[in-house]
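Protein chains: 2
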Amino acid sequence: MYQPRLETMPQEEIRKLQLERLKRTLAHIRDRNPDYHKRLGGIHPEDIKDLSDLEKLPFLTKDDLREAYPFGLACAPKEAFVRFHMSSGTTGTPVVNPFTRSDVEQWAEIMARCLSAAGVTHADVLQITPGFGLFNGGFGFHYGAERIGCFVVPIGPGRTLMQLKFMKDFGTTALGAISSYPLRLIEVAKEEGFDFRETRLRVGIFGAEVWSDETRKYIEEAMGIETFDIIGMTETGGVGLGIDCKAHEGLHVWEDHYLVEIVDPETGKALPDGEEGEMVVTTLTREGLPLIRYRTRDITRIISRERCSCGRTMLRVARIKGRTDDMLKVKGVNFYPRQVEEILMRHPETTPEYLIRFGKRAGKDFIEILVESKVQDETLRERLAEEIYNYLGFHAKVILLKEGELPRREGKAKRVEKVKE
Amino acid sequence: MYQPRLETMPQEEIRKLQLERLKRTLAHIRDRNPDYHKRLGGIHPEDIKDLSDLEKLPFLTKDDLREAYPFGLACAPKEAFVRFHMSSGTTGTPVVNPFTRSDVEQWAEIMARCLSAAGVTHADVLQITPGFGLFNGGFGFHYGAERIGCFVVPIGPGRTLMQLKFMKDFGTTALGAISSYPLRLIEVAKEEGFDFRETRLRVGIFGAEVWSDETRKYIEEAMGIETFDIIGMTETGGVGLGIDCKAHEGLHVWEDHYLVEIVDPETGKALPDGEEGEMVVTTLTREGLPLIRYRTRDITRIISRERCSCGRTMLRVARIKGRTDDMLKVKGVNFYPRQVEEILMRHPETTPEYLIRFGKRAGKDFIEILVESKVQDETLRERLAEEIYNYLGFHAKVILLKEGELPRREGKAKRVEKVKE
Ligand SMILES: [Zn+2]
Ligand SMILES: [Zn+2]
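If you read the sequences in order, they're chains A and B.
The first sequence begins at 1 in UniProt numbering and counts up by one.
The second sequence begins at 1 in UniProt numbering and counts up by one.
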């Protein structure tokens, strides 16, 4: 553990600390950004007697953050900012998260905890494949690694052949990546006759995209590694909000820095532990862009608030099932792409590359599931269609493609295509 | 000044410090890498009585560093490395420079000095356009900025339209770039009707490529900024070995970290101050890859060892005229691309985009100078050809192109093309 005392703090102490830090954050907003304070109904720290009072406050959405571009919700003078990160903004205005010096320290601390939870020490060689720059992934791993003192291979995204060569040349033991990237590495390794078992690679820390348990198993087997699911996003201050430990019984959220609620995505009402809903995040230690009740759009549930077998007391959430804005509604049925992925990946004949294509054709709803497969077999095709119907409740046309037929992309994978008539 | 006491140290104190640190570096190599020690003829620190004894030691070349890939000349155990940077390696084996924690600190320190010399303070907004990752440029500016505490726009290379937008949105006051990139920014700004004078941009810190005084003047006028020429490379531990100050009377080299010699590139003999030759660098404080007498291939001369009007005492070298491996020999005449650039840029009709194409055609040497021009005028063409003959001593065919005809590249510009028959 990077910070054993903090990471194993009794839950009631965590609650006390959260209450105190929530009040401090509300005071910080009040003192630094009158518009933001007004958004919160002019609430004063003294109005918060208990963590449950948080429910009195309004939600903050991604659109709110977009409208605030670049510094509308920022809570520090510009001279106090040392850098910022930004959501991709490929569609519309990006979300900008400006960091004060203390925010950078906070980020480095939680990322160091995440790396430690995954068993990374100063003796490791960490290959960082997410991009550096505006995207938060690369720098997140970088700051965590600085704290841990491990040897970093700062390669960034792409150049898959070079990635494999570097794994050998520099003795990489740990890999940080967007969760679809290992699939690309595995694919190129196969083409090149590259055997991960001849490398020292031991640990993978993957996130930024929803990846199913089946994909995870596939990656772990193909690479011969243990993987860790890391969460966090630009809005919360970058990757590192939480990660699973070696027990792999849920993702620990660093509760001294983040307060997590699970709410019904439709009604916004708080859900009891164990029920699936949207994760809402309140930051407790951020200065540049403190978040009060931010709707992450991530669907998960609270698994446990009990002490984990790893010793950590910080609450555990389930791996992200999907994003509310990923949810598809086809032929009257709601589902997440990850649910389709889970069904496909159960079949060893298919590769992890698939595309859900849907929309209207000649006025009628249609849905096609294109998946690459090692065999072009009618029985397999029918079995997949049947399982999709059985598990998800709709009839889809399954199309088997040859390996390599779907286009590969650098960065996040494209799994869904909506066809407009 | 970032470190006034060090930056204004009397020259004799600098010499004392250099001698002491040279000995320490030799001892470090002896204790950490027996092969490297043997390369140096098994020299012991005690054998060095005076800085002039350095001449007894052999040169180190880029090929030596390549052959050592990845850690053959490294002088620390792998556990002590925290990251590395790498020359592009587009041709052949790359040069890897592994950094210890202390090397990162050393780099941050010299980059902070460079930023300060360019007048950048914590109140500035620095847009970092060189790449982050294996290339050293992005992280060099990043570490320097961390020390200074300025607000960084970590955008990295490319996306020129977004670069211009960000300059306005984030109030950029200082720009860090590879020296050909401002030309691209200026070009796109013209197309878009973007006026740099409506931004807060004040300072440009450019390097990594040879850029002529004429290009510099062009950039300063088009952007309405003061520019600073920064030197340093992967091998020396990254950008930041030296920079010019506001006096612009030569580039200060941080002599407490680097010992500079100027030698005849043919004979390797030391040249007296003022004479043009190849810069040879010995690192005095690096741990991971200490360099003893590294042949940088950069052609420059020592301008002064006197105290500069800025107060700094560190010696000043001229702006880099060319690289020994850039030197062209055409029709029996030696010249550097920068010399051609200087002639072209004197004419306001031409743009900064040009290409020197040479080689053999039908068994005969030929050289063509393609340059974009606002006018396609025979008189201009003849005048350029005549000036090239007068200044450089060879007849070249000058070809005037329309603006935008030469291909633009991200990263380093292509100015020379050798045609093979
Ligand atoms: Zn645990
Ligand atoms: Zn000066």
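Any given hint could turn out to be false.
The list treats identical chains as one, so a pair stands whether inside a single copy or across any two.
[As the list claims (entries may be wrong)] Derived DSBU-like pairs (lysine-lysine); straight-line CA-CA distance at most 30 Å:
| id | residue 1 | residue 2 |
| --- | --- | --- |
| 1 | K49 | K402 |
| 2 | K62 | K165 |
| 3 | K38 | K168 |
| 4 | K78 | K246 |
| 5 | K78 | K374 |
| 6 | K62 | K168 |
Rather than coming from a laboratory, the hints here were simulated on the basis of the structure.
Small disclaimer: the values here were computed from a predicted structure and weren't measured.
We went through each hint and held it up to the structure:
1. K49 - K402: Intra 61 Å, inter 71 Å, cutoff 30 Å: neither.
2. K62 - K165: Between. Shortest inter-copy distance 22 Å satisfies the 30 Å Cα cut-off; intra-copy 39 Å does not.
3. K38 - K168: Classified as between; 28 Å across copies, 55 Å inside a copy.
4. K78 - K246: between (41 Å within a copy, 26 Å between copies)
5. K78 - K374: So K78 and K374 fail the 30 Å test inside a copy (55 Å) and across (42 Å) alike.
6. K62 - K168: For K62 and K168, the Cα distance is within 30 Å only across copies (23 Å; inside one copy 41 Å).
Hints 1, 5, counting from the list given before, are not met by this structure.
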